[in-house]
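Q: Here the structure of chain A is known, so what remains is to put chain B in place on it, guided by the hints.
Chains A and B, in that order, give the protein sequences. Each number in this note's numbering comes from the position in the first sequence (counting from 1) with 120 added on. Each number in this note's numbering comes from the position in the second sequence (counting from 1) with 120 added on.
Hints are supplied without guarantee of correctness; some may be wrong.
[What the hints assert, rightly or not] To give an idea of the chain A side of the interface with chain B (calculated C-beta under 7 Å), a few residues: (1) A244; (2) E295; (3) P309.
[Said to hold, decoys possible] In silico SDA-like pairs for lysine to any residue, Cα to Cα no more than 25 Å straight-line: (4) A:K186 to B:K175; (5) B:K186 to A:Q166; (6) B:K175 to B:A161.
In case anyone wonders, no lab produced these hints; they're calculated from the structure. Even for Gly, the Cβ is constructed at its ideal location relative to N, Cα and C.
Number of protein chains: 2
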Amino acid sequence: MRVASGTRESNTRAPSAPEPSTRDRLVSATGRLLRQQGYAATGLNQVMSEANAPKGSMYFHFPGGKEELAAAAVDRFAARITANMTSLLARRNVADAISGFFDLYIEHFERTDFRDGCVVATVALDEAGTHELLADAASRALHTWVDLVADALESEGRPHAEAHDLATLVIAALEGAIVMAKGERSVEPFVAARNSLQRILADD
Amino acid sequence: MRVASGTRESNTRAPSAPEPSTRDRLVSATGRLLRQQGYAATGLNQVMSEANAPKGSMYFHFPGGKEELAAAAVDRFAARITANMTSLLARRNVADAISGFFDLYIEHFERTDFRDGCVVATVALDEAGTHELLADAASRALHTWVDLVADALESEGRPHAEAHDLATLVIAALEGAIVMAKGERSVEPFVAARNSLQRILADD
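Next up, chain A with everything else stripped away, as it sits in the complex (with noise of 0.2 Å):
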């Protein structure tokens, strides 16, 4: 299972696979981007050469402009994570799960040389104070995790509340390791934070 790359999926699709279309490679495009370098320093122009996207094709796809086109990165990149872990989460424990998403992470990291970080992070971050579109896609985002988990946690026995506030922990601790790994061009902060989230939530 793959962490939300997207530049790959070109790389790997069957030759027999339809072509993506220029809206799908808009989006993914700037998802790729905002991964790398985050939203202000993701311009429109490097949007199109990457997407190889014919010029009036992206406002012809959204007419918002950069916004639009960030919030449907968001959403997309939100989707995959989304999937991976509800797959994780439904052959595991949570405990196991959650290590095992972050795993996932550190494999990541490991081959992209620490390039990619999260789509959601750095919206959040540079823009959603000031882009209203962009911060409900960051924020519909981080609540899907944390409802995931939470879910998860009291289907294991964990009361409501206190499961709810685990589930914020988790995903807190994982755009935060994500932060540290980029930060100090290591996995050791991803694999720190494994270890002790997997104690914790083994724990009863």
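A: Chain B in isolation, oriented as in the chain A frame:
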């Protein structure tokens, strides 16, 4: 105690205190802008204007340009956070100190309408991959904070490795809660993560 404001210093300084130097003003303005909008969006013209700094002073004080200035701002921000944490840890047990530190951030977010994030986080996500000076400053800050909390946990009797992992989780949760609070424009994730950590840290 205040969590690393920047601007307000000049408003609360006693009339007899010396004026901050141009260098000081450049570093303060940069720190403030990095917290609010990240590295990419922070232009030198804006820094010069907010710092009320004479033309030419930037390269006199920071021959390395924007990156050197930003690294100085990260170091100053980190020192202030370290001082706040050290002071809390000296007076309370770790659970209450960390809870108190989260409370400072909650108050700060409420006072500033979620404007100010963490300099280390914005720098780590936007730029650590391509700017060595900045990555070093972010990494130094994160290591200092983890070590501070880990030492306090060890002095409460936690084994060395467990203390390190748990301290990493605390700092990750702090950075991630900032991401979530800014993304959701709500202190709720901060409150939830704080409650969860309080429970975990108070546990023997």
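Q: Now, for every hint given, state plainly whether the structure supports it.
A: Hints and how they fare:
no.	hint	in the structure
1	A244	3 Å, holds
2	E295	4 Å, holds
3	P309	5 Å, holds
4	A:K186 to B:K175	34 Å, violated
5	B:K186 to A:Q166	23 Å, holds
6	B:K175 to B:A161	20 Å, holds
Hint check: a violation occurs at hint 4 only; the rest are consistent with the structure.
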